[in-house]
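Which chain is which? The protein sequence lines are A and B, in order.
Residues in the first sequence are numbered consecutively from 1, following our numbering.
Residues in the second sequence are numbered consecutively from 1, following our numbering.
Some hints could be false.
The calculated label-pair distances, taken between Cβ atoms and stated as ranges, are [what the hints assert, rightly or not]:
#1 B/K5 x A/P200: 24 to 34 angstroms
#2 B/G58 x A/K320: 31 to 41 angstroms
#3 B/R9 x A/H196: 40 to 50 angstroms
#4 A/G230 x B/I22: 14 to 24 angstroms
#5 B/R9 x A/M40: 42 to 52 angstroms
Because the hints were derived from the structure by calculation, they are not lab data.
Even for Gly, the Cβ is constructed at its ideal location relative to N, Cα and C.
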Amino acid sequence: MIRSVLNLLRRSGRPTPAVGQTPADVVHRENKWTLLRYRMRPEGLAYRTPVLLVPSLINRHYVLDLMPGKSFVEHMVAQGHDVYIIDWGTPTDEDRYVDFDEICDRTIGRALRVATRTSGQPRAHLLGYCLGGTLTTIHAAVHPQRVASLLALAAPIRFADDGLLSRWTRTKSFDVDALVEGTGNVPWPLMQAAFHMLRPTLTLSKVAGLLDRAWDDEFLDGFLAIERWGNDNVSFPGEAYRRYIQALYRDDELAAGTMTLAGRPVRLEDIERPVLTIAFTHDHIVPCDSAAVLDQWVGSEDHECWTLPGGHVGAVVSRKAASGLWPRISQWWAEREVGAEPLE
Amino acid sequence: MSPWKQWKRAFDQWEGTTAHFIEQWMKSPLLLEPAGAWLSAAMRVKALADKTTAAWWGSLGLPTKRDQERALHALNKLESRLLDLEEQLEDTREELARVRAHDHEHAA
Numbered sequence: 001m002i003r004s005v006l007n008l009l010r011r012s013g014r015p016t017p018a019v020g021q022t023p024a025d026v027v028h029r030e031n032k033w034t035l036l037r038y039r040m041r042p043e044g045l046a047y048r049t050p051v052l053l054v055p056s057l058i059n060r061h062y063v064l065d066l067m068p069g070k071s072f073v074e075h076m077v078a079q080g081h082d083v084y085i086i087d088w089g090t091p092t093d094e095d096r097y098v099d100f101d102e103i104c105d106r107t108i109g110r111a112l113r114v115a116t117r118t119s120g121q122p123r124a125h126l127l128g129y130c131l132g133g134t135l136t137t138i139h140a141a142v143h144p145q146r147v148a149s150l151l152a153l154a155a156p157i158r159f160a161d162d163g164l165l166s167r168w169t170r171t172k173s174f175d176v177d178a179l180v181e182g183t184g185n186v187p188w189p190l191m192q193a194a195f196h197m198l199r200p201t202l203t204l205s206k207v208a209g210l211l212d213r214a215w216d217d218e219f220l221d222g223f224l225a226i227e228r229w230g231n232d233n234v235s236f237p238g239e240a241y242r243r244y245i246q247a248l249y250r251d252d253e254l255a256a257g258t259m260t261l262a263g264r265p266v267r268l269e270d271i272e273r274p275v276l277t278i279a280f281t282h283d284h285i286v287p288c289d290s291a292a293v294l295d296q297w298v299g300s301e302d303h304e305c306w307t308l309p310g311g312h313v314g315a316v317v318s319r320k321a322a323s324g325l326w327p328r329i330s331q332w333w334a335e336r337e338v339g340a341e342p343l344e
Numbered sequence: 001m002s003p004w005k006q007w008k009r010a011f012d013q014w015e016g017t018t019a020h021f022i023e024q025w026m027k028s029p030l031l032l033e034p035a036g037a038w039l040s041a042a043m044r045v046k047a048l049a050d051k052t053t054a055a056w057w058g059s060l061g062l063p064t065k066r067d068q069e070r071a072l073h074a075l076n077k078l079e080s081r082l083l084d085l086e087e088q089l090e091d092t093r094e095e096l097a098r099v100r101a102h103d104h105e106h107a108a
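Looking at chain B on its own, in the form it has when it is part of the complex:
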């Protein structure tokens, strides 16, 4: 067996063992709880900073980023509801065509 193949085999064994060990370690609440607390705290600070900026911006009578996001989302929802109506109209047309064809057959 070539030195590279020997090294690769040893590496694979090491990798499997190490991955298993790290996985067990990372599942520990001793690691997950502080990580969760740190992430949540950082996000709260960011949300507060965004809110403060938006309040200042809003006090000037200008639309905030959230205002724009809400308006764009409302437009997207409106488009979606219009597509619903188009679909319903299409369904009604098809149903009508079916009924007419049926009536035509009966009349004939």
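Excised from the complex, chain A in its bound form:
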């Protein structure tokens, strides 16, 4: 512990590690969101089919490009994938009117079209993380045309569970309409408070963990980068939030099969492209069963579910993920390359 404290003192006053460092170009910009395309590795692409990453709406995209050596994106680029990501940006007051269909139908649709057109390919692999996974799953069920495969990473699909978030949003006295009327965009501190409620001792636990391992500069860099990301959230567009809570949390429409997207029915059994569902056993934010259930509901003949140990964020960005999960995902995509053998 003494070594940890000394290292913390030595590092105090220094800037926190830079995040989101993998070089990328903006290939599309619309309202607040942008579509980034990561620059390919010097030796060129190994796979033609582009990969579109869709992060959660309320978190910054750089969780998937945390820092050099701890970046999912950097790994995929190094493997020769053509990687795109949606940066949702920061909604401002007028975006209170942005609704669920606008995000799930139009934005993801546009991002898919731009990515496939820019890469000159008919389809793209779609990866959605957390709420991004819910959005991509809904989109893929309604618009499969440009989807080569779907990867739902810790994505909530069945919302009626025994978790705290589910119970809170179903609380009768919680009036979502009043919240949206009062705040416009639902402020991120309010949502962050709800996430803190999921494990109120987490802050203490983090401090103890930090004191235990802060002597290790690599651990400390990762810790600070995750903390920076965890405190850099964005507010939820009001109208989209209203439908998200009502249709998904309260009415559990994906499970009931009553969900619609821009007036079209969302049937998970219509998803016939390859589907990989990844759920984590110690995920406090998206309970494992809530994510894993997708595997049972899709219509695809090529579907897999990986239930892995770890939490919602740690299991995706840890050193262990870099040597285990990321290469497996790259391999899964490589085996589902569209229409041609890999370029190598």
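Given the coordinates of chain A, assemble chain B onto it according to the supplied hints.
Just chain B now, kept in the frame of chain A:
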């Protein structure tokens, strides 16, 4: 084992037990219902205050914050629809080029 490691092990056990206990407690309707009622009431008051301010502002013939938000949102939607048209135009051009190339091959 060092005193720190012993403390850390005890802390981890305490943290796990405490987190589980608090989680069960926080899931209770006895806590969630009043929290929901308090939040909803606070939001209703805020919405009413905003509405009153906007009504006063509007009575002076000035655009309210909501008016500006609606106008900006309409502009964003307009931009989005223009991008749709650009995409459709691009698709049509590509299709036309494909048909021409096909016709050219047949003619040759």
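Cross-check of the supplied hints:
Between B/K5 and A/P200 the Cβ separation comes to about 25 angstroms, which falls inside the hinted range of 24 to 34 angstroms. Checked against the hint of 31 to 41 angstroms, the C-beta distance between B/G58 and A/K320 comes to roughly 58 angstroms, which is inconsistent with it. Look at B/R9 against A/H196: about 25 angstroms separates their beta carbons, and that is not inside 40 to 50 angstroms. Here the CB-CB span from A/G230 to B/I22 is close to 20 angstroms, well matched to the stated 14 to 24 angstroms.
Checked against the hint of 42 to 52 angstroms, the pair B/R9 and A/M40 passes, with Cβ atoms roughly 47 angstroms apart.
Taken one by one, the earlier hints fail for this structure at numbers 2, 3, listed in ascending order.
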